[in-house]
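Visitor: If you want the building blocks of each chain, they are given just below.
There are 2 protein chains.
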Amino acid sequence: MDYSTNDSKSTSKKKVVAVVGGGLVGNLNACYFAKRGFQVEVFESREDIRQAKIVKGRSINLVLSHRGRQALKHVGMEDTIISKGIPMHSRMIHALNGTQSPIPYGKKGQYILSIDRANLNKELLSGRRMKFLIPMSPGEHAHHEYHLSEEIQADLIVGCDGAFSAIRKQFLRQSRFNYSQTYIPHGYLEFTIPPINGEFAMKPNNLHIWPRNTFMMIALPNLDKTFTCTLFMPFEEFEKVTTGDKVIEFFQKYFPDAIPLIGAEALKRDFFRLPAQAMVSVKCSPYHFGDKCVLMGDAAHAMVPFYGQGMNAGFEDCLVFNEIMDQLNEDFSAVLPEYTRVRVPDDQAIADLAMYNYVEMREHVNSKWFLFRKNVDNFLHIIMPRTIIPLYTMVTFTRTRYHKVVKHWHWQDKVRKDIVHVHSTLFKGL
Amino acid sequence: MDYSTNDSKSTSKKKVVAVVGGGLVGNLNACYFAKRGFQVEVFESREDIRQAKIVKGRSINLVLSHRGRQALKHVGMEDTIISKGIPMHSRMIHALNGTQSPIPYGKKGQYILSIDRANLNKELLSGRRMKFLIPMSPGEHAHHEYHLSEEIQADLIVGCDGAFSAIRKQFLRQSRFNYSQTYIPHGYLEFTIPPINGEFAMKPNNLHIWPRNTFMMIALPNLDKTFTCTLFMPFEEFEKVTTGDKVIEFFQKYFPDAIPLIGAEALKRDFFRLPAQAMVSVKCSPYHFGDKCVLMGDAAHAMVPFYGQGMNAGFEDCLVFNEIMDQLNEDFSAVLPEYTRVRVPDDQAIADLAMYNYVEMREHVNSKWFLFRKNVDNFLHIIMPRTIIPLYTMVTFTRTRYHKVVKHWHWQDKVRKDIVHVHSTLFKGL
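So the protein lines, in turn, are chains L and E.
All the letters of the first sequence, read from the start, carry residue numbers 1 to 430 under full-length UniProt numbering.
All the letters of the second sequence, read from the start, carry residue numbers 1 to 430 under full-length UniProt numbering.
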């Protein structure tokens, strides 16, 4: 064997990969690079997440589905993570009158998982230390902003430092870096539904949804038999609700069945505990800079949460990068541009889909519409199972590339329209 | 009169407006604020533009049309500027075989003007000093990056500091600021067509266009009887042209009639004088921060140059802001949000139109297509003068709000399609 080559597998000195960001995607990525034999250092500016309280305003639970599971599986962590998740087989739609109607996510046996963010990161961190022998890095406790390549010495810097990425800020200084950040007019607040007599207060194996056009609330089950409720509504509506009495009045009008579940006193208190949190969609391109630096996860593509794919897309980034590392023999100068070429259109497609869902929801989703639309899709799938595959199924239960999912969906949409002879004109009555 | 009010017109102490950026929009804005009685200071980090050579890579000439003229008129500068411009009544389309075909911009008597950037700024600066008594400000020669509100003491800061605005960078640190920067794959280079025997080498009262699908060249006349040629093509194509011989080969293939006009030796030399320059489209929202700071011109909405509206939109910003100052009695806390509300959709519409023109041009504009399409529009305008107004006319020769222009155009497009029974499907044969 020739020890003088630069092939990382054959050199005596290991190549160093610096992973910036010790959140979900950073920790998973650390495992991927360690598995390949790189020396991995993780840089995290926050406190050790295992000791830290939940980051202010970050959502407490996450949805794990096929893409995320496949990425975890590759580093042997799928089973552990799944054992701490709660399967959700259906949406449970809450009508204004309190009626609950389930809509399955897919076929029998298909489900998504409600996962606790803090616990997931703890498991990933443990897996990283136990399975892949990646110690806490010297920089992992440092409290400072990172400056690309000034402070970090490594063969590759992987920016997994989230929606407000410091690594990405350095990319903005380069010429011809495309970037967008879009805040939506909605904010969110979280509430808790406590257990009743030690049991879940609602059916646990569902993602509960209260669709009310402009407003929406969802609830996800947790292992401690609580539910985390998230209320989405425009900031200007949040601003109108200024007193505890107005909170109750608001819930009585839109979510009456949730008042006894959350509790009137808790509602009044928690509504004002934190300001409503903003949601941002971030896109950029390229994802790489030279053969030295690459962005993954929210640092590359933060998305609004309305498709439950943010974490799954971030985890799939690791898997896709790993596939390209195999194809191109770990040559960063070839791998990084190829990763940009392959992954940008997919991440942008899912970010757009999440935004599309937001816009659609905001404009005309109430419980009746939701039930009708999902049932039409499911009906068409049953009569033409190979032609009409619900969009949700392609996104959630396959690894079909996101941009191909969108293409197929547009094509299906055309077929569906031909079937029902609906010809809508984009620009009405101007 | 009560001198204790905060109304700037009635207080004894003048309100101070800091205009950041002494380029075209900055200097015009300075005049607007001075005309209203504000004390104006202009901050510019480059050398005095009257002495400075043309900024490296900035285009030499600009197109002035109705909106820009109206804005100049309000501060009494229209006539001076126009007297230094060259009217262009038609596009002159150069086919590959050398045939030249004119397409009028509008009706008889309608024209756009080719204006020299350096001269225009000099005139604006002189007008500012002579007519409005705004001296060179203390900060106008300083060479440093501005930090919002740290260094500049003023009642209002107006960021007119261009596509790479330092003021806008401060906005990015605020929550819920929407921002995008998009570089297009094309770059540009400039050449000069010298006079022949002291006269213009081509017809002077035209904007000459060589449309070649992916490649395009244009030429605008200058007062010194030269033309400035701008070649647009993808960066990857620029990279293929590596030697003087390849330059000539390239021009022989696509722009043979331009070789004798520019001169083979000048072509070989100037092709490599500067690297091809990038073009960026920038959008953001809001344009204001509190009642203290507002963005105008390229700082708010840099656009690709394919509609000749960049400067005109920037000048119209000043005019629109001024109209809102009238309506809302110079109350910045009301004027700034209103300016954002009114102007963002218009600027985004023209930035989108410019990008649309770029995409359309890149995909299928050659001289035949260009002639056909423009003639169809003109024909429809003749038979239905009130229903079909060419898009170009609405943009260039009216002050119809840009977003309304786009709405009307979409509507017309529908009418046009109904007329010719063309039903195109967006997603073909997937």
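Please note: incorrect hints may appear among the correct ones.
If chains are identical, the list can't say which one is meant, so a pair holds when it fits in one copy or spans any two.
[To be verified] In silico lysine-lysine, DSSO-like type, Cα no more than 27 Å apart, as pairs:
no., residue 1, residue 2
1, K404, K13
2, K240, K292
3, K374, K84
4, K268, K108
5, K203, K368
6, K35, K131
7, K169, K292
8, K368, K268
Worth flagging that the hints you see were computed from the coordinates, not collected in a lab.
A quick note: this is a predicted structure, and the numbers were derived from the prediction, not measured.
Visitor: The structure should be examined with respect to each hint, and the outcome stated for every one.
Guide: Cross-check of the supplied hints:
1. K404 to K13: neither (41 Å within a copy, 64 Å between copies)
2. K240 to K292: between (49 Å within a copy, 26 Å between copies)
3. K374 to K84: Answer is neither; intra-copy 29 Å and inter-copy 64 Å both fail.
4. K268 to K108: neither (40 Å within a copy, 69 Å between copies)
5. K203 to K368: within (21 Å within a copy, 66 Å between copies)
6. K35 to K131: Within one copy, since 9 Å is at most 27 Å while 72 Å is not.
7. K169 to K292: both (15 Å within a copy, 26 Å between copies)
8. K368 to K268: Intra 29 Å, inter 69 Å, cutoff 27 Å: neither.
Checked against the numbered hints above, the structure breaks hints 1, 3, 4 and 8 and satisfies the rest.
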